[in-house]
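S.K.: Sequence:
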Amino acid sequence: MYLGSYVPSFDLKTRRIALPKKIRDYLATSEIVLSFGFEKCLFGFDIQTWQVEATRQLATPLTEKRPRDLRRFIFASATDINLDDQGRFVIPASYLKYAGIVKPVVIGAGDHFEIWNELNWQKELSKIKRDSK
Numbered sequence: 001m002y003l004g005s006y007v008p009s010f011d012l013k014t015r016r017i018a019l020p021k022k023i024r025d026y027l028a029t030s031e032i033v034l035s036f037g038f039e040k041c042l043f044g045f046d047i048q049t050w051q052v053e054a055t056r057q058l059a060t061p062l063t064e065k066r067p068r069d070l071r072r073f074i075f076a077s078a079t080d081i082n083l084d085d086q087g088r089f090v091i092p093a094s095y096l097k098y099a100g101i102v103k104p105v106v107i108g109a110g111d112h113f114e115i116w117n118e119l120n121w122q123k124e125l126s127k128i129k130r131d132s133k
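Sequential numbering of the sequence shown, starting at 1, is according to our numbering.
Below, computed lysine-lysine pairings styled on DSS-like, alpha-carbon distance capped at 25 angstroms:
{"hint": "1", "residue 1": "Lys-103", "residue 2": "Lys-40"}
{"hint": "2", "residue 1": "Lys-123", "residue 2": "Lys-40"}
{"hint": "3", "residue 1": "Lys-103", "residue 2": "Lys-21"}
Simulated from the structure, these hints should not be mistaken for lab results.
Generate coordinates for the entire structure from the input sequences, incorporating the hints supplied.
M.R.: Here's what the structure looks like:
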């Protein structure tokens, strides 16, 4: 299970990010699937979890608009990423733009991890705290 919040090593010029060791420790392989997430973040899945989520999405009826739109959103933005030996990878430019990432923070979200722009994550976290009262 992915837990915790981390400020990873990141080079904006090369778009290269190093996944924190605690996040890497949960990965079954050195391959992940990266996709657009909700609230303007990026989702990262290990291959096994991605396959479970993909199967779940494919089981939804194609004849219903909401599930069809969700399927399009998730699959159209998904890409396979290979990590180097130090757990680094290059975030595609379009992904950085989508999530507005300049200074990232990586958070564990249970079955996946998320990469956020640090300021956006702080705003979202404040909203979550406010809404939970």
